[in-house]
Each structure stands twice: as structure tokens, then as C-alpha cells.
Amino acid sequence: MTESGKPILYSYFRSSCSWRVRIALALKSIDYETVPVNLIKDGGQQFSKEFQALNPMKQVPALKIDGITIGQSLAIIEYLEETRPTPRLLPQDPKKRVLVRMISDLIAGGIQPLQNLSILKQVGQENQLAWAQKAISSGFNALEQILQSTAGKYCVGDEVSMADLCLVPQVANAERYKVDLTPYPTISRINKALLALEAFQVSHPCRQPDTPPELRA
Amino acid sequence: MKQVPALKIDGITIGQSLAIIEYLEETRPTPRLLPQDPKKRVLVRMISDLIAGGIQPLQNLSILKQVGQENQLAWAQKAISSGFNALEQILQSTAGKYCVGDEVSMADLCLVPQVANAERYKVDLTPYPTISRINKALLALEAFQVSHPCRQPDTPPELRA
Numbered sequence: 001m002t003e004s005g006k007p008i009l010y011s012y013f014r015s016s017c018s019w020r021v022r023i024a025l026a027l028k029s030i031d032y033e034t035v036p037v038n039l040i041k042d043g044g045q046q047f048s049k050e051f052q053a054l055n056p057m058k059q060v061p062a063l064k065i066d067g068i069t070i071g072q073s074l075a076i077i078e079y080l081e082e083t084r085p086t087p088r089l090l091p092q093d094p095k096k097r098v099l100v101r102m103i104s105d106l107i108a109g110g111i112q113p114l115q116n117l118s119i120l121k122q123v124g125q126e127n128q129l130a131w132a133q134k135a136i137s138s139g140f141n142a143l144e145q146i147l148q149s150t151a152g153k154y155c156v157g158d159e160v161s162m163a164d165l166c167l168v169p170q171v172a173n174a175e176r177y178k179v180d181l182t183p184y185p186t187i188s189r190i191n192k193a194l195l196a197l198e199a200f201q202v203s204h205p206c207r208q209p210d211t212p213p214e215l216r217a
Numbered sequence: 001m002k003q004v005p006a007l008k009i010d011g012i013t014i015g016q017s018l019a020i021i022e023y024l025e026e027t028r029p030t031p032r033l034l035p036q037d038p039k040k041r042v043l044v045r046m047i048s049d050l051i052a053g054g055i056q057p058l059q060n061l062s063i064l065k066q067v068g069q070e071n072q073l074a075w076a077q078k079a080i081s082s083g084f085n086a087l088e089q090i091l092q093s094t095a096g097k098y099c100v101g102d103e104v105s106m107a108d109l110c111l112v113p114q115v116a117n118a119e120r121y122k123v124d125l126t127p128y129p130t131i132s133r134i135n136k137a138l139l140a141l142e143a144f145q146v147s148h149p150c151r152q153p154d155t156p157p158e159l160r161a
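One line per chain: the protein sequences are A and W, in this order.
Residues in the first sequence are numbered consecutively from 1, following UniProt numbering.
Residues in the second sequence are numbered consecutively from 1, following UniProt numbering.
It cannot be assumed that every hint is accurate.
Claimed, not checked - Within a straight-line C-alpha distance of at most 20 angstroms, the following computed PhoX-like cross-link-like pairs (lysine-lysine) qualify:
no., chain 1, residue 1, chain 2, residue 2
1, A, 134, W, 8
2, W, 65, A, 134
3, A, 28, W, 97
4, W, 78, A, 64
5, A, 96, A, 153
6, A, 96, W, 8
7, A, 192, A, 178
8, W, 65, A, 121
9, W, 97, W, 40
10, A, 28, A, 49
11, W, 40, A, 95
12, A, 153, A, 41
13, W, 136, A, 64
14, A, 121, W, 40
15, W, 78, W, 65
16, A, 28, A, 64
17, A, 41, A, 6
18, W, 65, W, 122
19, A, 6, W, 39
20, W, 122, W, 97
21, A, 41, A, 28
22, A, 41, A, 95
23, A, 64, A, 134
24, A, 28, A, 121
Claimed, not checked - Quick partial rundown of chain A residues pointing at chain W, CB under 10 angstroms, derived from the structure:
no., residue
25, 35
26, 56
27, 57
28, 59
29, 70
30, 103
31, 112
32, 137
33, 139
34, 142
35, 145
36, 146
37, 148
38, 178
Everything labelled a hint here was simulated from the structure, so no lab data went into it.
Quick caveat: nothing in here was measured; it's all calculated off a predicted structure.
Ideal Cβ placement from N, Cα and C applies to all residues, glycine included.
Chain A with its partners taken away, still in its complex shape (with noise of 0.2 angstroms):
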């Protein structure tokens, strides 16, 4: 913790797993200091001493909080529900808390780790917009379909929960990497409503710290 006491987000503006927890943060009126990693810059800023010392994964986001640093936002995510617990980011019910869930690792786990930096480098620069647009559209194939029986308003219902602040961030991936968000009208719809929330805007990429000015709102 910083000496006024708050929380410390370890962010890259354009990360969608740091946006996930930027949207937590807000929706939860946590006020924090962010310290931005750039993961480009510097043959990126994930892989100093530094930041390996205080996040082994070296990634972001990597949250300081209640004196301990923490990895992968949905265990971040989970430990602000566990101890900030309201307002709710995941359902009382077991039935829908699987679901909340299920939807959150099917985008943490199944989608965004296929697209992300890392693997894209691996992939060699003339493979990558086919290699991402694949691992998006595979994953959305199969979102839009389970969206379909759970969705209200929002993923789950129409309270916003953990696999809303999932969604928005991936579906900003899609946008970047030109995937065709024709099939995806549930999926669409449910993103939109959520960029309309005052916690999705004040954490989106565009409004950080460390936006490029070329690409600042």
C-alpha cells in the first residue's frame, strides 16, 4: 500500500485482464493508485527484476492490497468480493454463481490466453490477426450459444457480475483484431449496455494513466 494507505494496481492500459479488475475496482468505489507496466516498451516492462519480484507471473494485473500482492484477476476479483462485498459482483445462488463463473473462464481461460502478447509473439507477426481472430471467434461461438440461456439484461441475469467485466474487455480484443461481431448479437448487445455503466467507462483503456495521447478519449 501506498503511504495514504490505498491499494497499488499494477496496469497496462490496453491489458483486458487489468481492465477486468479496473472495472471491480470502480464498481466497488475502491479508490487505488495505478502503476503502469508498459509491455512493449523497454522489450517490456513485465520482465524487470523488479516487477518479477513482486509478480513471479509477470503479468499484469498484479494488485498490492491488505498488505499482500496478487495475480490473474479473477483471483483479484474474487478476494475485493470476498472482502469489499458489496456491491455484488457474483449472485447468491450456487446455481448462478456457477454460471457467473463458468462464463468468466471460458473468456480468462479459454479465450484471452490464446491471443494475448506472449503467445501472438510466438505465432510470428504474419500469423497473428488469423491466429487471434480463431481463438476469439472459437470462443465466442460457444459464449453466444450459453448466453443465450443465461443471459437477462447483463451474462448472468440483470445484475452486472464478474463475467460482465470479462465480456467488455474481450469484446474490445475482437474490435482490435477485426472479428466479425455479426454472430454474436447476444454478446453485442450485452457489451453496449455495459460500456453505458460509469464503472466501464472510467476504467476503459482510453482513460488511463498511461493512455498514448494519440489514443487517450
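The hints should help you fit chain W onto chain A, whose structure is shown.
Relative to chain A, chain W alone:
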């Protein structure tokens, strides 16, 4: 999602192994698979997510098909050793007898199958003594034995224990 596992239970069908495990934990809470203390729970989830989100999806069947047969072994080895490098470091501050302290948790359920994958892809485990020690301790437990790939209804005869 066209993937396993899927569990049909209590009138619902659910996918995603960690979501399933958390559901089982909430509806059948004993014995615990997650500690009570939120600061320990987060470590369990962090380690579980590292493996289930950060290693396995990068070396599953679907991805390996895409990278092509001649690249598969190197690709799988890279995914696993990158992840294990981070995990070994994390475990040094979280581990007791098992991944987080001295109680079996969801993190341990993720570790053992991932080590089996590492062995399958011939990853050198010498750099990971904590992972190896914990894996060995867990494999001695009955639940990890009865659930082993070599003892399943669909285990091929030549791989059966």
C-alpha cells in the same frame, strides 16, 4: 464449449473445471477445498488460475493441432516450463505440505494433472523441486489415485494401472 469436463448435477450441466469445483465446494462444503481466510483463498485461486488459465490452455490438444506436428513438443514444453518457472517461485512463499499451507486445496487439484502433462511432454522437472515434492505427496493420497488417468473406465488397456 465442446470440451470436457462437463458435470450434470442438481438439474444443471456445467463446464469449466474450476467453476465446477467451486460449485461443489459451495454445495458440498466438507471437506474444504478452499481455506476460510480470504488471504489464503486468493493464493489458492491465483495458483489454480495460473495453471488452468496460464499453462493448460496453451498446451491442450486443440492448440497443439494448430501449431503443427513438428512444433508440438517444443511448444508444449515452452508453455509448461514458462508456467512452472513462475509457479515454483510462488510456491516458495505459499507452500507447506501442499500448494498453500498444509491442507489440500483446489490448487493441488490443478497441480498434479499439470505435472502429469509435463512428464508426458518430457519437460525436465529438475528446476522445480517444490512442484515435484508437492506432486509426490499428493499422489500418495487416495483421491488422487482413484481419479488417475490410468484407472478410468475409458483408460486404454495398454495404459491401465
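To see whether the hints hold, each was checked on the structure:
1. This hinted pair does not check out: residue 134 of chain A and residue 8 of chain W have alpha carbons roughly 29 angstroms apart, beyond 20 angstroms.
2. For the hint linking residue 65 of chain W to residue 134 of chain A, the alpha-carbon distance of about 13 angstroms falls within 20 angstroms, and the restraint holds.
3. Taking the CA atoms of residue 28 of chain A and residue 97 of chain W, the gap is near 36 angstroms; set against the 20 angstroms cutoff, the hint is violated.
4. Pair hint residue 78 of chain W plus residue 64 of chain A does not hold up; C-alpha atoms about 29 angstroms apart against a cutoff of 20 angstroms.
5. Pair hint residue 96 of chain A plus residue 153 of chain A holds up; C-alpha atoms about 15 angstroms apart against a cutoff of 20 angstroms.
6. Using a Cα cut-off of 20 angstroms, the hinted pair residue 96 of chain A and residue 8 of chain W holds, with the two alpha carbons roughly 15 angstroms apart.
7. At most 20 angstroms may separate the alpha-carbon atoms for a hinted pair to count; residue 192 of chain A and residue 178 of chain A meet this at roughly 17 angstroms.
8. Our distance criterion of 20 angstroms between C-alpha atoms is met by residue 65 of chain W and residue 121 of chain A, whose separation comes to about 18 angstroms.
9. Note on residue 97 of chain W and residue 40 of chain W: the hinted pairing holds, with a Cα-Cα distance of about 15 angstroms set against a maximum of 20 angstroms.
10. Using a Cα cut-off of 20 angstroms, the hinted pair residue 28 of chain A and residue 49 of chain A is violated, with the two alpha carbons roughly 32 angstroms apart.
11. Distance check on the hinted pair: residue 40 of chain W and residue 95 of chain A sit about 24 angstroms apart at the alpha-carbon level, beyond 20 angstroms; violated.
12. A distance of roughly 39 angstroms separates the Cα atoms of residue 153 of chain A and residue 41 of chain A; the hinted pair therefore is violated under the 20 angstroms criterion.
13. Taking the CA atoms of residue 136 of chain W and residue 64 of chain A, the gap is near 33 angstroms; set against the 20 angstroms cutoff, the hint is violated.
14. A hinted pair counts as satisfied when its Cα atoms are at most 20 angstroms apart, and residue 121 of chain A with residue 40 of chain W does not qualify at roughly 34 angstroms.
15. Of the supplied pair hints, the one linking residue 78 of chain W and residue 65 of chain W holds, its CA atoms being roughly 16 angstroms apart against a limit of 20 angstroms.
16. Restraint check for residue 28 of chain A and residue 64 of chain A: the C-alpha separation of about 16 angstroms stays at or below 20 angstroms, so the hint holds.
17. Taking the CA atoms of residue 41 of chain A and residue 6 of chain A, the gap is about 27 angstroms. The hint is violated against a cut of 20 angstroms.
18. The suggested pairing of residue 65 of chain W with residue 122 of chain W holds, with an alpha-carbon distance near 18 angstroms, which does not exceed 20 angstroms.
19. Between residue 6 of chain A and residue 39 of chain W the CA atoms are separated by roughly 17 angstroms; this keeps the pair inside 20 angstroms, and the hint holds.
20. For the suggested pair residue 122 of chain W and residue 97 of chain W, the alpha carbons sit about 26 angstroms apart, so the restraint of at most 20 angstroms is broken.
21. At roughly 31 angstroms between alpha-carbon atoms, residue 41 of chain A and residue 28 of chain A are farther apart than 20 angstroms, so this suggested pair is violated.
22. Among the hinted pairs, residue 41 of chain A with residue 95 of chain A is inconsistent with the structure: their alpha-carbon atoms are about 44 angstroms apart, more than 20 angstroms.
23. Of the pairs offered as hints, the one joining residue 64 of chain A and residue 134 of chain A is violated, with about 35 angstroms between alpha carbons and a cut-off of 20 angstroms exceeded.
24. Taking the CA atoms of residue 28 of chain A and residue 121 of chain A, the gap is near 35 angstroms; set against the 20 angstroms cutoff, the hint is violated.
25. Annotation: interface hint on residue 35 of chain A violated; nearest CB of chain W at approximately 19 angstroms, more than 10 angstroms.
26. Here the hint on residue 56 of chain A is kept, as its CB sits about 4 angstroms from the closest CB of chain W, short of 10 angstroms.
27. Nearest Cβ of chain W to the Cβ of residue 57 of chain A: about 4 angstroms, under the 10 angstroms cut. The hint holds.
28. Proximity of residue 59 of chain A to chain W holds as hinted, the smallest CB-CB distance being about 8 angstroms (cut-off 10 angstroms).
29. Below 10 angstroms, beta-carbon pairs count as interface contacts, and residue 70 of chain A has one with chain W at about 5 angstroms; its hint therefore holds.
30. Because the beta carbon of residue 103 of chain A sits about 8 angstroms from the nearest beta carbon in chain W, less than 10 angstroms, this interface hint is met.
31. About 8 angstroms separates the beta-carbon of residue 112 of chain A from the nearest beta-carbon of chain W, less than 10 angstroms, and the hint is met.
32. Proximity of residue 137 of chain A to chain W is violated relative to the hint, the smallest CB-CB distance being about 13 angstroms (cut-off 10 angstroms).
33. Given the 10 angstroms rule on beta carbons, the hint for residue 139 of chain A holds: about 8 angstroms separates it from the nearest Cβ of chain W.
34. Proximity of residue 142 of chain A to chain W holds as hinted, the smallest CB-CB distance being about 4 angstroms (cut-off 10 angstroms).
35. A cut of 10 angstroms between beta carbons decides the hint on residue 145 of chain A: the least distance to chain W is about 9 angstroms, and the hint holds.
36. For residue 146 of chain A, the interface hint holds, the least distance from its beta-carbon to any beta-carbon of chain W being 8 angstroms, beneath 10 angstroms.
37. Below 10 angstroms, beta-carbon pairs count as interface contacts, and residue 148 of chain A has none with chain W, the closest being about 14 angstroms; its hint is therefore violated.
38. Nearest Cβ of chain W to the Cβ of residue 178 of chain A: about 19 angstroms, over the 10 angstroms cut. The hint is violated.
Consistency with the previously given hints fails for numbers 1, 3, 4, 10, 11, 12, 13, 14, 17, 20, 21, 22, 23, 24, 25, 32, 37 and 38, ordered from lowest to highest.
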